[in-house]
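J.: Just so you know, the protein sequences line up as chains X and Z, in that order. Letter by letter, the first sequence follows residues 23 to 788 of the numbering used here. Letter by letter, the second sequence follows residues 23 to 788 of the numbering used here.
Misleading hints may appear alongside valid ones.
Where chains are identical, the list cannot tell them apart; a pair therefore holds if satisfied intra-copy or between any two copies.
Capping the alpha-carbon separation at 25 Å, the derived lysine to aspartate or glutamate pairs in DMTMM-like fashion look like this [as the list claims (entries may be wrong)]:
no. : residue 1 : residue 2
1   : 443       : 581
2   : 443       : 615
3   : 42        : 676
4   : 42        : 316
5   : 443       : 618
6   : 443       : 728
7   : 443       : 210
8   : 443       : 135
9   : 42        : 52
For the record, the hints were derived by calculation from the structure and aren't laboratory data.
Number of protein chains: 2
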Amino acid sequence: MTEPLRYVGMRRPRADGRDKVTGATRYAADMALPGTLHARIVPALYAHAHIRSIETDAALAHPGVRAVLTAADLSIRPPGSERHLEPLARDEVVFAGQPVALVVAESEAAAADAVHLVDVDLELLQPAIDVLAARRPGAPLARSTHPSTPGAGVGAEHRALGSGDGAGQAAGAAAGNQFDSLHEHRGDIEAALGSSAVIVSGRYEAGWAHQAPIEPQAATAWIDHDGSLVVSASMQGIFLTRDELARAFGLPINRVRVIAAPSGGAFGVKQLALETLVAGAALRLRRPVRLVLDRRDDLAISSPSQGLVIDLRIGADAQGRLEGIKAHITYDSGAFAEDSWHWFAPRLITGPYRWPAFDVTAVAVHTNRFGTGNYRAPSGPPGAFALESLIDELAHRLNIDPIALRQANIARAGDPMADGKPWPRIGAAECLDQVQAHPIWARRRQLPHGEGVGIAIGVWPGSAQPAAASCRLEPDGALTVVTGIVDISGATSSLAAIAAETFGVPVDQVTVVAADSSTAPATPSSNASATTYAVGPAVQAAAADARERLLRVAADMLEIEPGDLEIVDAIVRPRGSPAAGRPVADLARSLSDEFDSPYPPIEGHGATSHTVRAPSVAAHLAHVRVDEETGVVELLGYAVIQDVGRALNPALVEGQMTGAAVQSIGRALFEELIHDEHGQLVTGTFLDYALPRATMVPAIDTRIVEVPAPEGPFGARGIGEAPVVAGPAAVANAIAAATGVRVRQLPMTAPRVWAALRAQSRPRSG
Amino acid sequence: MTEPLRYVGMRRPRADGRDKVTGATRYAADMALPGTLHARIVPALYAHAHIRSIETDAALAHPGVRAVLTAADLSIRPPGSERHLEPLARDEVVFAGQPVALVVAESEAAAADAVHLVDVDLELLQPAIDVLAARRPGAPLARSTHPSTPGAGVGAEHRALGSGDGAGQAAGAAAGNQFDSLHEHRGDIEAALGSSAVIVSGRYEAGWAHQAPIEPQAATAWIDHDGSLVVSASMQGIFLTRDELARAFGLPINRVRVIAAPSGGAFGVKQLALETLVAGAALRLRRPVRLVLDRRDDLAISSPSQGLVIDLRIGADAQGRLEGIKAHITYDSGAFAEDSWHWFAPRLITGPYRWPAFDVTAVAVHTNRFGTGNYRAPSGPPGAFALESLIDELAHRLNIDPIALRQANIARAGDPMADGKPWPRIGAAECLDQVQAHPIWARRRQLPHGEGVGIAIGVWPGSAQPAAASCRLEPDGALTVVTGIVDISGATSSLAAIAAETFGVPVDQVTVVAADSSTAPATPSSNASATTYAVGPAVQAAAADARERLLRVAADMLEIEPGDLEIVDAIVRPRGSPAAGRPVADLARSLSDEFDSPYPPIEGHGATSHTVRAPSVAAHLAHVRVDEETGVVELLGYAVIQDVGRALNPALVEGQMTGAAVQSIGRALFEELIHDEHGQLVTGTFLDYALPRATMVPAIDTRIVEVPAPEGPFGARGIGEAPVVAGPAAVANAIAAATGVRVRQLPMTAPRVWAALRAQSRPRSG
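Bound-form chain X, shown alone:
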């Protein structure tokens, strides 16, 4: 590996690209087992109510209907915490659209028709919709029959990321709808702010946003001939799903098998969405049950990204050195705190900077608006929106170049993070260097009136998880790599490059296969930027193991020391004697005659873990034109610059960055899940929930920075989440540069921009 890399870093199309583009891919909704029953959800029509009764006779009498299931029919063990949504409302409805029953029929049409025949008798309760109103004493309670307990909504990440060594902590105050809170601090925040030369502050708000994968949720469950429960679905992790199904139904883990269907997009929302529901139905009815959400149901019941209200104040000395940060963040944790990210507030709001003092309070509040879910860098964009807007204001107030101010305050390796652990080396300075040199940035001073350029930077910690993989040499000399990954964003191609480089065969001779949960090596879910950083090293170890085994066999055959052999371009050869080589395929073929072979199979295995995470940093650069008459913001140029550690396949890395830019633009300007005062979802279709269309997005320029992560495969970092973090902040800073006006609410829709322009009349800040 001291030679130049041959396959890592090569541009290659996604392994699954052609099938997806040509329509050959068979997604979860295409799954059609013989005898499959089709399910449709009966949604609650109100946001908050007690269920008096559910009348199913009329629906059951409908031709083709086989069952109408309610919570009582699904023998689901109550979850230990409220991390997981119950799939059907049991006694109380807590958001409009919440599933209360499941109609199961011989056809989708019959099920859809019968949904309207189910009579759900509700005793309406006052809903809590606005999170700031909901947290006040005396507000209507969003949940009555399931009071939350402090710390309830906290998953595995919390224990890893949230609480620190060096910071004072207080947590757990619960009252009314506020079910959890934390207070973490370090240093003397009042002294730090008191001695600051400049203090900037503001309230930043972000609405709920939907992950909006192209493919809606879809799942099928059945009982295998041996009595095992099998679930195939559009999902992000087979083992997470398997373990939760085993828990929910009290089954031994080896009686549950989970199959990931090819992914049509996830972004965090494909985690235990429908699997428990279809599994419960299949266990009850002993036939395959398939549930495919239409777009309206998908928008109504999936757990989206929660709303945040961030009160933030930062101070710096006259040279622009950051002195302190004080934040109070209200998390709208909706009806279920499944994935409320309030525990992450200290890490979120301190960003990639070094802070002598910080003081962060976060409160989590129930409302009658969905359950909370994960969404690609959960809470990251609102957090950076607040912080990077104020950093920009600070630079403006101090008349310091905003890049220079950021460069001066970037945390260096060893500085303490908010949780007290040391920062590893991150590529923030290198990204900012690239921003500095970027043509969009260069032209910011010659723009016509109404145009502006903004920058922002964001960091995402990624994750460090154990993983395993195996690697098998086939009789024709090809390699098969086996993992349990769900390939959402092209990980298969990156893993193939890792195996090819490690073993020494061209990457097109490597097939990466994802097994189901019964046979796959241990693999984390495809979330938390995990796949490349976690599974990559396992694949690397497996390929290295297989390579060593082949070299030992070849050395025995050629009567030479294994250490004197190398594998280059699928040729095993004595080092320095390329002419004396023997093709891997020849060796593989000769080994495939198995009788009495003294050689074990050429098959390697890797099982790895990390000691550190590898945070990724991404800078965004936006060039906007603001129509001051209408508030419409037009993007004229956009760039993303990211430290990816190592671009295993630059084509896919750029694809991730481009997609992240577009998603950022959506979060910045268009996308919001809006409820009316009764808790009815107003944006229930893609006509109302405004995803950016191609015409609304400029060409995205992507620049790759490579600051190797010590434990990453060939230095690679997990890159999926970081490039969405700072997007909305960059657009906000560009709007401020163009207009001198700060918009402090996401998305920055035309009406909001227009209102902000009307409300303020300060000079341009750019």
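With chain X fixed as given, assemble chain Z onto it according to the hints.
T.: Just chain Z now, with coordinates in the frame of chain X:
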């Protein structure tokens, strides 16, 4: 492992037993993909002919018929050798029933109807049916358009087992229907026989026999959404099948996926039977194609066990020491020499004995009777029938106890086998000791007229093959073992015991999963007594690897040296401190919280090979009554005594031995595939092909001998084949003991016994 074994040696039911007994198992014939087409074979109606034309219009016009495929429609690469049957006759029909076309329709009924509408115009040729007639000069040639070449019918086993170091060899004489021959010898056979005190000799014949699994052949092939070829079938090996399909259709190996359906019996016949045919049809028609043979087709076209004619002569000195053996064996290799076992003749006919001199000639002759296939210890029962009959005669002539004579001549470890390699330690003497002590043997001298007791002993070499496996600790503390085995005879249960014993958890916490060819660890086919001896060590290594990994983690957690820990009954504990233990399940659960875990997954991998095979010996003991008026042989008692090395699960070992005894009785007395002089199969149904029924079989007594194999898992040997070898010989010796008459033709049907009784009138020999 120095402690007494806890799980190895425990009696447990088969993992798949309940599902098979209750009918829950879904076999290959139950496979029903949406859009599946159903195929039926159009058989040749004559044994030898040129195909002039195949008229398909009428069949194609039949409602529901989608295609009628002939050899020209299947783009199959010609096999490099004649090892593999072409699935459809191309120009020449070489046996009656040979598939000449495939009708593919929307239903099985439509396909079956249309078979009769396909008009196959044949130009009839003279068939060669009787192998002794066929080998004479001037006999009609069984094959005209595909002349065989010397050595053509020789598979992987040949290179391993057939040719020796210490023996003179000559091979390859081909003329007429005789397409291959070999002559191997050691010592001076004429001198050895010339100096012998006693010489016995005879011609022994054995007819063709069918493997007759309960489940007929069944296979389905389809094209996956990504264009890969997928085949699911009742088979014996996923990788063998995959590699041959890739070869036949010129596909990269990673574009072929093979799934083994649960097995309803195999005995050697489920190896590439229908897979190429359905795959060719699916590739052509781009829809799933399923072919399920009915019993008549299954008997007509499957490749059964070939017929043998053995001319044998052996000599011994006056003390019963064997001096020499001379054999000429004619193998009826049928129309295709796919699995003709003539290369094995020297090993076959010398049995488990030490021979100062041997001289073995084998010839392989084509006839128009099936292709040849493998059948549990291929050629073993006819070989032992000849040898053990003559050994018994020798004992009688010398008036030496037949057990004592065998004991005196059993090969000892280090003696040369026929192939020159040294014999490993085998448990023949121990088996004979058990025979000596057996009540059936003890009562042989007090039997009424017409009854007799016979014994015989047989050895089977087994095989030594590389294999791999993985072993994963689940969050609930259970183990998952992944291999690519096809479980024909309960191997899953044995492998579970190996993993349990090695890791230290109860066997019911181990699940053995068989993956398909895309993700399975390298695994040999379930033939040649391979599974336990080959895959067992890989599972043992994988479980040991996983155990070591868990101990390292536990040691780190408990701050103790890994070597000071042990795992007993699913408790990790400091050696000698049972009270201080921690359950494996607790550790597994704590490790399943993956974020930032410094510990890799607890997952092990094993990849192993052997330096020696582990032959198994089995002795049979039969007590018969012969009705001298009718020739009917009734079995009054039967015992099998086998050296299994180590009985991993005695219940299953005894099951194998019991099944082998019944199969031996079938081969001895009833089963024969008979053709008339035109080559038409007379025994085409189970009414004509006489499998033993329960009423025809006595209670079988099984005795297990355990002489550990040095490289076997816990000493276990591969045991599947050995216990069928000596069965017919034991029955023949019992008949001789009862009547004084030697029957020298298998099966020893009532007419043949009656004829032998009439032809001879010697005194009782028992």
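J.: To test your reading of the hints: which numbers does this structure violate?
T.: Number 8 only.
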